[in-house]
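As they're listed, the protein sequences go chains A and B. This note's numbering puts the first residue of the first sequence at 1, with every later residue one more than the last. This note's numbering puts the first residue of the second sequence at 1, with every later residue one more than the last.
Among the hints, erroneous ones may be present.
Unchecked claim - Pairwise CB distance ranges, derived in the manner of DEER restraints:
id, chain 1, residue 1, chain 2, residue 2, range
1, B, G59, A, R125, 53 to 61 Å
2, A, G124, B, V51, 19 to 27 Å
3, A, L112, B, K143, 56 to 64 Å
4, B, S83, A, S123, 39 to 47 Å
Claimed, not checked - Interface residues of chain A toward chain B, partial, derived using beta-carbon atoms under 8 Å:
id, residue
5, P119
6, A207
7, G210
8, Y211
9, G342
10, K345
Said to hold, decoys possible - Over the 12 Å line for every Cβ pair with chain B, so calculated as not near, a few chain A residues:
id, residue
11, G52
12, A57
13, A200
14, T208
15, R274
16, R301
17, T307
18, A314
19, L319
20, F320
21, I328
These are calculated hints, taken from the structure and not from any lab test. Even glycine gets a Cβ: it sits at the ideal position worked out from N, Cα and C.
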Amino acid sequence: MTHPTAETGARPGSAPQSTAVPTRSSGHQGFAVAIATAIAVSLGTAAFSLYGSGEGAKLSLSIVFGAAFGFVLQRSRFCFFCMFRGWLDERDPRGLLGLLLALGVGMAGYALIYGAWLPDSSSGRLPPGAFIGPVSLVLIAAGLAFGAGMAISGSCVSAHLYRLGEGSPTAPFALIGTAIGMALGFLTWNALYTSVVVTAPVVWLPATLGYSGTLVIGFAVLAILAAALLRWKNPRLPDQPKSDSVLHSIFTARWPAWVGGLAIAGLGTVAYLRVAPLGVTAELGARSRQAADALGVLPTRLEGLDTLRGCVSAVSDALFTPNGLFVIALVLASFAAALVAGQFKPSPIRSSHVAKGLAGGVLLGWGAVTGLGCTVGTLLSGIMAGALSGWVFGAAVFIGIVVTLRGIRRSARSA
Amino acid sequence: MIKQTIWAGALAFAIALLPAAASARENPLVTTDWLEKNLTNAKVRVVEVSVEPGQFERGHIPGAQNIVWHTDLVDTVKRDIASQEKFQALLRKLGIDKDTTVVLYGDNNNWFAAWGAWIFSVYGLNDNVKLLDGGRKKWELEKRAFDNRVDAVKPSSITLTAAGTKLRARLGDVLDVVNKKSNATIVDIRSPEEFSGKIFAPPGSQELSVRAGHVPGALNVAWGRAVNPADGTFKSADELKKLYADAGIDGSKPLIVYCRIGERSSHTWFLLSKILGYDVRNYDGSWTEYGNSVGVPVTNLAGTVWGGK
């Protein structure tokens, strides 16, 4: 049987995973802690030895931030799809409230950095490196495809990555599907770019609203969304279990979504300050672009792609890139966290895992390339950055999930 | 007693500053030490011109301002350097006046800082502009502080004169030399592989040429030979003099330097013109203009034809 959260998607912020594994021999636990400690020490050693000036500092910090991100994702089960589904199916608002909190605190964090980097937001210049993408029909199509991919494969790219560390049987196929979908994204890119994207506006809200205006309006929108979630929430939701031990709360019990949201907002802010906005698709995209290029199926030039702002990166010759190390550290840290919490549960692979993973993954990959990022890069980092593209992508993802889930369930009923 | 001590202190301070200030006026380069002592000097404006976006914002020399070379220093529609009005507006915004000492620095061995210095000189501010020797790299290697806040500066009211022609070569000037209508030495500062025509441009360059090779008669001295690789500083004036003399360049004839788009050649322009005092013009059209021009003579040693043979 698959494990409860990864495959059936437990409600965010609800049922503690620890209760699913009440009895474990102390020998097993000791072994798990030893392996997790070894992983933590290896990541720390790698980060320490890479630390140096310039690029070295970025590589080193990428390991630290990736590990922290993986740990937070696993501990709080910060899965965008589960949050949306928790609300749609059970009217459980806790996951989405955690996401709204992450967006609000992250917006404030970005604004603090912006104020130092670009004191005048109306200068016509965009803040360096922030994920502020063009807003067009292509972005909406990307969001719809990405949302559909989430509904089919059971989560988004970042959640598949941390579930890889939990031994999910779907995640590997979803990530392979993502790589294939990304190659398809690159194949369709030139036509989409020259017909639509090239003339699409790149809207950075502080350029017109100023930093304070963006924050006021952004907070207001988040507050309205939160009020709506609370207004129509299910009044009979199970309480979060109480834990009396700090160690148990941190390493075993599931973190409440709002704790995860706060941690991710802080991480998003410091990651932008020191390396780049949070994102998990840049390296994956570069590698699949490289592979597709080697097979000779890509056009020799991808128009404009490398000049746009998003979680995409040009193919580089370097063995390790900041985003590559970030993703590797993310998976290893979530594996270590899952081991200690007793949530590393590899299960036998069935054909439905392969089919759902690959099919959903292809949609995720296509959406991540044409939307210039995923739910982390375009939605989370984009909204924190004051990009209109983040909000548009988020809305399209939501619609994509709703429509696809309905379709899946209708066909299941009629079958 | 106290008064005397203060006077003595002030005198010692003034004496300590004197040689630094004097050397800064004469030398086109400033050292990291000098710059660190002059960060609060109101007559010094430090400006970063880096290639990598986000470099300045994540940490710059305290008090420095930023110039984005690919929008601030060029005309963003037609291929040209920034117009007089545009460059003047930029200098006013950065609070640079006729009597300001401008210290430019950047990443990548000061490539774009040198390009910036050349544009300052083209607009008549040749005596004002200096480079931080070693640029970002040396500052970082010496573990000096960076800051990520941008200081507000009081705008200036500087008025520029039109761009001069003495420091800038155009295609026609280069062709006059090739066709022996004027007498100058052309220096190609690209890599030997680009010079010989084995490759069109360094890997990753988007802007290419239709023909490979170099301007007939050009001498090849790759820009990187002029720097100390450890910290990116220029070699000493004596070493530089010998390096170029060995290549047949001794300053007895006017020089024209070029590269692919005119920015690496600014680095060589800076040292030949400002450190060695030779008569040098930068050909900013460079190989992306020359190698794309119809009917101009080309020397292509490797015989590369559009990537094949």
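Compare the structure with the hints numbered earlier in the document and write down the numbers of the violated ones, lowest to highest. As far as the earlier hints go, 1, 3, 4, 6, 7, 8, 9, 10, 11, 12, 15, 16, 17, 18 are violated by this structure, in ascending order.
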